[in-house]
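**Student:** As a plain string of letters, each chain reads:
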Amino acid sequence: MMDIIVSNLSKSFGSKRVLDRFNATFPARSVTCLMGPSGCGKTTLLNILMGLMQADSGEIAGMPQLKSAVFQEDRLCESFNAVANVRLVCDKGVNNEEIIRHLERVGLAGSWQQAVSELSGGMRRRVAIVRAMLAPSEILFLDEPFKGLDQDTKQMTMQYVKDNIKEKTVIMVTHSLEEAEAFADQLIVMGF
Amino acid sequence: MLDRSRLEKIGAIFFALAVWQLGAKLLGQDLLLVAPTTVIQRLYSLWITADFWRAIGFTFARIVLGFSLALLVGSLLATLAAKYHLVEVIIWPFVATIKSIPVASFIILCLIWLSASNLSVFISLVMAFPIIYTNILQGIRSTDHKLLEMANLFRVNWLKRIKYIYLPQLRPYLTSASSVAIGLSWKAGVAAEVIGIPAGSIGERLYEAKVYLSTSDLFAWTVVIVAVSIVFEKAFLLLLQGLFARLEKS
Chain C
34 MMDIIVSNLS
44 KSFGSKRVLD
54 RFNATFPARS
64 VTCLMGPSGC
74 GKTTLLNILM
84 GLMQADSGEI
94 AGMPQLKSAV
104 FQEDRLCESF
114 NAVANVRLVC
124 DKGVNNEEII
134 RHLERVGLAG
144 SWQQAVSELS
154 GGMRRRVAIV
164 RAMLAPSEIL
174 FLDEPFKGLD
184 QDTKQMTMQY
194 VKDNIKEKTV
204 IMVTHSLEEA
214 EAFADQLIVM
224 GF
Chain A
496 MLDRSRLEKI
506 GAIFFALAVW
516 QLGAKLLGQD
526 LLLVAPTTVI
536 QRLYSLWITA
546 DFWRAIGFTF
556 ARIVLGFSLA
566 LLVGSLLATL
576 AAKYHLVEVI
586 IWPFVATIKS
596 IPVASFIILC
606 LIWLSASNLS
616 VFISLVMAFP
626 IIYTNILQGI
636 RSTDHKLLEM
646 ANLFRVNWLK
656 RIKYIYLPQL
666 RPYLTSASSV
676 AIGLSWKAGV
686 AAEVIGIPAG
696 SIGERLYEAK
706 VYLSTSDLFA
716 WTVVIVAVSI
726 VFEKAFLLLL
736 QGLFARLEKS
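From first to last, the protein sequence lines stand for chains C and A.
Converting from the first sequence to my numbering requires adding 33 to each position, the first position being numbered 1.
Converting from the second sequence to my numbering requires adding 495 to each position, the first position being numbered 1.
No lab work stands behind these hints: they were computed from the structure.
Do not take every clue at face value.
The following label-pair restraints were derived from C-beta to C-beta distances [said to hold, decoys possible]:
hint: 1; chain 1: A; residue 1: 595; chain 2: C; residue 2: 224; range: 55 to 61 Å
hint: 2; chain 1: C; residue 1: 142; chain 2: A; residue 2: 745; range: 20 to 26 Å
hint: 3; chain 1: A; residue 1: 594; chain 2: C; residue 2: 222; range: 54 to 60 Å
hint: 4; chain 1: C; residue 1: 192; chain 2: A; residue 2: 647; range: 27 to 33 Å
Below 25 Å or equal to it, Euclidean Cα-Cα: the simulated SDA-like pairs (lysine to any residue) are [to be verified]:
hint: 5; chain 1: A; residue 1: 658; chain 2: C; residue 2: 169
hint: 6; chain 1: C; residue 1: 180; chain 2: C; residue 2: 169
hint: 7; chain 1: A; residue 1: 729; chain 2: C; residue 2: 112
hint: 8; chain 1: C; residue 1: 187; chain 2: C; residue 2: 65
Remember, predicted model here, so these are calculated numbers, not experimental data.
For each residue, glycine too, the CB sits at the ideal point set by N, CA and C.
Between the sequences and the hints, there should be enough to build the whole structure, so can you do that?
**Tutor:** Below is the structure:
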């Protein structure tokens with residue numbers, strides 16, 4: 034696995050320039066946290082790296098093929114339960130029992146049979162996190178993954194994520210110094 | 496326990512029947528307006544004949560076949576139109592023409608091409624097709640693009656995309672389109688039979704009622720058409736609901 038090198042990346046929305054010749058290196062198999070004030074372009078950068086958005090100019094080198102993500106929104110299939118939502122992205126080798134074990138680790142024992150539309154915001158967030166962890170991937174994008182979780186649940190979920198991101202390149206957007214301290218091998222502060 | 500709105504509906508039906516009975520009694524001429532009690536008596540005398548059931552079977556099979564073909568063709572073409580703009584452009588004049596041409600003109604025109612016995616299949620298909628096609632195309636178009644982005648990022652295969660993303664999104668569109676299309680298939684299909692007069696059909700019975708000025712037969716067969724159409728619509732929607740529920744639990 035190679036480092037991901039971003040060179041001179043620019044992106045504008047109308048007359049507003051969100052990214053202006055942005056340069057960074059994201060080392061392989063390490064966690065890079067992106068921090069900065071709202072509107073500084075963190076999520077835009079993540080969306081470009083994920084391939085969901087086109088940059089106006091610039092280059093990205095070394096991006097792996099297998100990607101996984103916790104998006105800013107949960108992006109779950111509402112009428113299906115948590116297991117089905119996770120199974121959607123898993124390889125055939127991952128069975129329901131394994132998925133349930135992961136859901137239990139983030140405190141969703143007993144809730145996985147309900148349609149995700151019936152779950153609370155925090156529960157839905159954890160389903161999205163488990164989905165991202167179990168999807169086959171070399172790189173993981175996390176956009177404010179612990180948003181909306183209470184302190185105890187956040188600690189439990191952070192530990193779960195730590196246990197499951199070993200050997201993966203991770204790019205995480207966060208506003209929380211606590212999260213950055215817990216995860217970051219490298220910290221990039223944007224917008225200054 | 497019956498809820499309030501259901502009780503209100505039942506009350507309204509009884510009120511309408513009472514108005515009908517009173518109107519028929521005041522008019523006193525069965526030829527102009529037959530009383531509901533007479534219609535019930537006529538229905539009972541028809542009910543016990545084999546020809547009654549054969550006529551229902553004949554018409555039911557053809558209209559249901561027409562609707563099913565419309566569902567199949569409409570879904571298929573809507574999927575292709577959603578994927579390839581050219582398909583949508585090519586289909587557009589056909590859909591616009593079908594929507595604007597009066598059903599009677601269509602029936603007479605088709606009678607030149609087709610045998611009377613198969614006319615109702617084609618007319619039901621043609622009338623139901625634009626509704627199914629338009630609704631499914633709209634349903635596919637309104638699919639949450641954020642979910643599709645998620646599916647792209649996770650490299651979800653097309654079969655899973657259909658099951659987890661497209662079908663749940665299509666559910667309300669398919670349900671409302673089916674409900675409208677079934678009603679229209681029955682109206683247009685029976686109209687085709689009345690004009691084409693295929694032997695052994697409900698349309699033939701309606702035509703005979705007109706020729707022999709048998710108002711009680713006309714009303715009795717109309718009640719049968721409405722009842723069979725409603726039963727089929729409810730059964731189909733229940734089946735659809737069951738399939739979606741099974742899909743979500745699988």
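**Student:** Hint by hint, note whether the structure agrees.
**Tutor:** Hints, one by one, checked against the model:
1. 595/A x 224/C: 55 to 61 Å: Since residue 595/A and residue 224/C have Cβ atoms about 57 Å apart, the given range 55 to 61 Å holds.
2. 142/C x 745/A: 20 to 26 Å: 22 Å, holds
3. 594/A x 222/C: 54 to 60 Å: With Cβ atoms ~59 Å apart, the hint holds.
4. 192/C x 647/A: 27 to 33 Å: For residue 192/C and residue 647/A the Cβ distance comes to about 30 Å; the hint holds.
5. 658/A x 169/C: 20 Å, holds
6. 180/C x 169/C: 23 Å, holds
7. 729/A x 112/C: 23 Å, holds
8. 187/C x 65/C: 19 Å, holds
In summary, the structure agrees with every hint in the numbered list given earlier.
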